[in-house]
Every structure is written in C-alpha cells, then in structure tokens.
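J.: Okay, here's what each chain looks like letter by letter:
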Amino acid sequence: MSGLVAIFRKEMNNFFVSPIAYTVIACFLVIAGFFFWANLSLLSLVSLQAANDPSISGRINLTDVVIRPLIQNMSIVLLFLIPLLTMRLFSEERKSGTIELLLTYPVNDLGIVLGKFLAAVCVFLIMMGCTLSFALIMLTIGSFDIGVFLSSYLGLILMGASFIALGVFISSVTENQIVAAAASFGAALMFWIISWTSSFTGQTMGAIIRQASIIERLDSFLKGVITLSDVTYFVFFTAFFLFLSFRSIETQRWRG
Amino acid sequence: MIEVTGLTKQYGNLTAIKDVSFSVNAGEIVGFLGPNGAGKTTTMRILTCFTPATSGTVRISGMDVSEDSMSVRSKIGYLPENVPLYNWMRVSGYLEFVTRVKGVASSVRHDEIDRVSSIVGIQDVQTKLIRWLSKGYRQRLGLAQALIGDPPIIVLDEPTIGLDPRQIREIRNLIKSFALNKTVILSSHILPEVSQICSRVIIINKGAIVAEDTPENLITGSGKAARVQVTLRGPEHESKQLLSSLKGVSSVKTINPFHDGMVTLNVEMDRGHDVRAQLARSVIEKDWDLLELKSIDVSLEDVFIDLVTEESNDIQIRENSVEKEVA
Chain A
1 MSGLVAIFRK
11 EMNNFFVSPI
21 AYTVIACFLV
31 IAGFFFWANL
41 SLLSLVSLQA
51 ANDPSISGRI
61 NLTDVVIRPL
71 IQNMSIVLLF
81 LIPLLTMRLF
91 SEERKSGTIE
101 LLLTYPVNDL
111 GIVLGKFLAA
121 VCVFLIMMGC
131 TLSFALIMLT
141 IGSFDIGVFL
151 SSYLGLILMG
161 ASFIALGVFI
171 SSVTENQIVA
181 AAASFGAALM
191 FWIISWTSSF
201 TGQTMGAIIR
211 QASIIERLDS
221 FLKGVITLSD
231 VTYFVFFTAF
241 FLFLSFRSIE
251 TQRWRG
Chain B
1 MIEVTGLTKQ
11 YGNLTAIKDV
21 SFSVNAGEIV
31 GFLGPNGAGK
41 TTTMRILTCF
51 TPATSGTVRI
61 SGMDVSEDSM
71 SVRSKIGYLP
81 ENVPLYNWMR
91 VSGYLEFVTR
101 VKGVASSVRH
111 DEIDRVSSIV
121 GIQDVQTKLI
131 RWLSKGYRQR
141 LGLAQALIGD
151 PPIIVLDEPT
161 IGLDPRQIRE
171 IRNLIKSFAL
181 NKTVILSSHI
191 LPEVSQICSR
201 VIIINKGAIV
211 AEDTPENLIT
221 GSGKAARVQV
231 TLRGPEHESK
241 QLLSSLKGVS
251 SVKTINPFHD
261 GMVTLNVEMD
271 RGHDVRAQLA
281 RSVIEKDWDL
291 LELKSIDVSL
301 EDVFIDLVTE
311 ESNDIQIREN
321 SVEKEVA
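For the protein sequence lines, the chains are A and B, in the order given. Residue numbers are given in the working numbering: position 152 of the first sequence equals residue 152, and the series is strictly consecutive. Residue numbers are given in the working numbering: position 68 of the second sequence equals residue 68, and the series is strictly consecutive.
Derived by calculation from the structure, the hints in this document are not laboratory data. None of the values given here were measured: they were computed from a predicted structure. Treat the hints with care, since some could be wrong.
Claimed, not checked - Here are the computed lysine-lysine pairs in the DSBU-like style, where the Cα-Cα straight-line distance is at most 35 Å: (1) LYS135/B x LYS95/A; (2) LYS253/B x LYS240/B; (3) LYS253/B x LYS206/B; (4) LYS128/B x LYS18/B; (5) LYS247/B x LYS294/B; (6) LYS247/B x LYS206/B; (7) LYS95/A x LYS176/B; (8) LYS240/B x LYS18/B; (9) LYS294/B x LYS176/B; (10) LYS18/B x LYS95/A; (11) LYS95/A x LYS206/B; (12) LYS135/B x LYS240/B; (13) LYS95/A x LYS75/B; (14) LYS128/B x LYS95/A; (15) LYS128/B x LYS182/B; (16) LYS176/B x LYS240/B; (17) LYS95/A x LYS182/B.
As the list claims (entries may be wrong) - Facing chain B, according to a computed beta carbon distance under 10 Å, are these residues of chain A, among others: (18) LEU118; (19) GLN203; (20) ARG247; (21) SER248; (22) GLN252; (23) ARG253.
Claimed, not checked - To be clear about the criterion: a stretch of chain B counts as covered by chain A if any three or more of its residues have a C-beta under 8 Å from a C-beta of chain A, and this derived list gives those stretches: (24) 19 to 26; (25) 49 to 63; (26) 117 to 124; (27) 247 to 256.
No residue lacks a Cβ here, since even glycine has one placed at the ideal position from N, Cα and C.
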C-alpha cells in the first residue's frame, strides 16, 4: 500500500515537473473552450431566429444545443489526448532501465500498475475539473438540465478511465513511447467506431458489436440515463486492461 | 545468509546460467567475476527477485526468493548495471521516493536520507537534477538508493564501470567501508578490483561456475608457476642454454632479443622451486653482468584468463572434431 502511494506520488511529480500534464491539459481546454464558445454562439444565433418562430423555440435549450454536442466533442478530443498521458508510464521505465530497480523494491506488481493508473486518472480528473467552468458560465445565462450534465460527466470520466487502463496496458508492452501512443489511440478508436459495422454484420454479430462499442455506451449517459450495464461495461473494461498490464509486467519478469 | 542451489535460467532456447550453486556467509564480500555475457547479471537478477529462475532455489536468510519475495526484497539493496535513475528528479526527491517505496517510516525518513547521503557523500548535490549529475555522483546516488532502509545484503552489478581511476578508488573504498556490517555481492570484469575488495571470488563463465575461492588461494592453487625476468649482458643463445640447464627451471623465453650486448629473458620456475639465488650465481660465474632480476607475480588476471580460455579451448577442440566428423 505504501508502495502504491509512493509510485502514485512519483508519477504525479513526473506529470507536473515535466511539461506533459500542462501541455495536455492546455490543449484540451483550448479545444473544449473553442467548442463551448462555438456552440454557445450557435445557440444565441438560433434563439434570435426562434424569436420569430415560436414553433421551434421550445426545442432550443442549453442542454441540447450546448451540453450534448460539447460532451461529444470532448470525448473525441480525449480519444486523442489520453494516449499522450499514458504512453510513457511503463515505456519510459523500460527504455531507461529504471523498471529493473522498481521491480526489485518491496512493492507488488499490482501496486505498481495501480499507482501509475491512478496518477494518470488524477491528471485526467484535474483536466475535467477545469471544464466545470463551462457549467458556471452557463448557469449565469440560463438554466439547463443538471441531471443530464452530471450523467454526461460521469460517462466521460468512466470512458476516460477505461482509455487510461487501455493505455497503461499498451505502454507496458512496448518500450517505445511513440508506439505506445499510436497503438493506444488506434485501439481506443477501434472500440469507438466498431458500432458502425453493426448494421451490416448480421443480427447476432451486430448485437455483440453494439455491446462492445464505447460510443453506444456513452450515448445513454448523454441522454441522462445511467444504467447498471453501462457502468459495469466501463468498470470491467478498466479492470480487464489493468489485469492485462499486471500480467504483462509479470511476463516481463520471466523474460528478464 | 545466501544459499543458491542448482540455479538455472533459460531465455527461450538460450541458457543464461546452468546449475549454479554457491553460498555466501553473513559479512562476506563476494566477487562475481566473468567475461561479458557469462551470466553474472542474470544470477544477480534472480537474487534480487527481478526475474524468477527456471529451476533451482535461492534462499536468503532462510526465505525462498519466489515464496517470500516481498520480505526478501526488503532485505536486499540492489544497484543494477548502468545505474538506472529517474533523470527528471532531483536527488533529494529521488531519495525520498526510495524511502517511501521501501517503506521507511515517515518519522525517520529524513534521518535515513541524511544518514545514507553522508555515507556516500552526496550531501552537496541534494537539490541538483539527476540529469546533470556526473557519472561518479550518479554511481554514488545508485549506491545510496541501495543502502536506504539499511538492508543487510547489498548486490552491486558492475559498480565501477565507466568511472575514471580516481572515482573507481572512491567507490571501492566506499564499498569496503560499508561492507563491515553487510553482506556484499558484486560483479565485475575488472580483476584487480575483485582481488582488492573481495574476500572470496566466484569465477563464472558461460553460465557455470568455474572456480570459487579466496583471491590468494586461486593464485597459488592455479598451477601457475612463479616467473622471474632477467636482464643480463651476455650472448643470447648461450645464456638461454645456461638458464634452462638450472635445476627447477621449466622454460626460458626471450622477451627482448640481443641488443647493445644485453638480453632480457623470462624464466619460468617449477612449483616450489626458487632458483633466483642460483641463477644470479651462475650468471656471475660466467662473468656476464647481471643487470636486472625481477620476480613477476602471478596475478588473478592470469588465473582468470586461464580458467576462461581453458574452457573455450575445449569447446574449440570439440567444434573442430565435430567439423572433421562432418567432413
């Protein structure tokens, strides 16, 4: 346990001593901010038009025009940025040889994996926390569905944690950071777009693919629906890849 | 303290070490000696719980490395080859990380860092980034992290590699100083180092132990006879004949051929014979000038080269015979 905390602290230090965390967070906030501003401007434009047409004014609200598209856009940006947070977690240690010392300290492999995973999750949460300023801005200009907002954030956070676990695993397999980033991005994207094939892969296969797809899961969170199966999906996704990372470290011991 | 029996490690088809057995008592400094790729690092990695053995057991203070891995790890301080450190950390931050990860109680954490820093002499670089440390300081920091938590066993893989002669001496003295109350295993391919620091030497080649003894015993028991180097003013051929005719001389070789009336010869003596006095007398009797008579010690290096090349000669012969059979 103390080992886990030590590794968590070390990784947090690495994120914030180096420019990694600042760069990733800044990129994310600039892009998310841009989408927020664009969606908000769109809202003000359509509400002007809607003033003349009462039939559509009922359908224009912050939740549908701003929050939902914003969360969708943020989830795609995360797809690109999370691999950058996770790519060095194990790859760097393998490349520089520090993994040899780390694995001979009295910390078990699971503690090492969890320490690194939690550090990346923590940076991710800080990043998401910064975007709460958007909610404060929206509160000053009108009302929106807080429930949908919270469930969307929960969905995003669960998805982010899953991608981080996936990234941790891929980083543990290679000692090249670029390979780790590219492979994590590719793998995450596959889970993202796989549902597109469900329409032509037949009924059974299509159902399986839809179950595996991240985008379908995230959709229900965006509608404000939190189901047990969606939450379990992300929790299992995360646990599965953390387990694989743990195993991957163990096999590396055997290979020396 | 350390009991190793029948240790074998295979990487796929490659056998890194094969049936290695040895034991180390508490308080000993044992040197692992061998050419590169002999299996020194593999053995150390198994001792330190970095990699599991394919077969065989290692017991440290009675605990098996595979069963009680965690308690074994807290008893061992390890410095891998090439000293892997986190370059982006500051020295003090790194040492603090090591105290945390080794589970040093928070109340004594800073005392422990101070204690270890003063042993290895890195107090004045505490605020420096590890990236900017010189090779010598990196090595010291590597030793420092191994010493944190005061483990009774220290395992050092090539601790002086890549250092300049002055730094090598400093590191050696450091090892000797803290070895008073610790068990130390170090590997090296630098022979004088091992004979200076270690109380016992294990010579390992091609994954197997070829010799194990104190440096002194290895030298005397090697079968290598003592040699003397003689420089005299006299004819080369005659003097060679004269010296070889002396009782107890096994061979005479020319080192510097006849030049300006002088010749330098290398005289190898049979074991247990000291022919120096007799040699000097016979040269004088011939009325030649004896200019220099110098006895040459057999070094651990000779023993080592002998042991290591003997093996490869065997293999060479075997390979040749196989080739012949094939032909």
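J.: Could you run down the list of hints and mark each one as holding or not?
T.: The hints, checked one at a time:
no. : hint                : verdict
1   : LYS135/B x LYS95/A  : holds (19 Å)
2   : LYS253/B x LYS240/B : holds (8 Å)
3   : LYS253/B x LYS206/B : holds (33 Å)
4   : LYS128/B x LYS18/B  : violated (43 Å)
5   : LYS247/B x LYS294/B : holds (19 Å)
6   : LYS247/B x LYS206/B : violated (40 Å)
7   : LYS95/A x LYS176/B  : holds (32 Å)
8   : LYS240/B x LYS18/B  : violated (47 Å)
9   : LYS294/B x LYS176/B : holds (32 Å)
10  : LYS18/B x LYS95/A   : holds (28 Å)
11  : LYS95/A x LYS206/B  : holds (27 Å)
12  : LYS135/B x LYS240/B : violated (51 Å)
13  : LYS95/A x LYS75/B   : holds (27 Å)
14  : LYS128/B x LYS95/A  : holds (23 Å)
15  : LYS128/B x LYS182/B : holds (29 Å)
16  : LYS176/B x LYS240/B : violated (46 Å)
17  : LYS95/A x LYS182/B  : holds (32 Å)
18  : LEU118              : violated (15 Å)
19  : GLN203              : violated (45 Å)
20  : ARG247              : violated (14 Å)
21  : SER248              : violated (15 Å)
22  : GLN252              : holds (9 Å)
23  : ARG253              : holds (5 Å)
24  : 19 to 26            : violated (count 0)
25  : 49 to 63            : holds (count 4)
26  : 117 to 124          : violated (count 0)
27  : 247 to 256          : violated (count 0)
Of the numbered hints stated above, those contradicted by the structure are hints 4, 6, 8, 12, 16, 18, 19, 20, 21, 24, 26 and 27, listed in ascending order.
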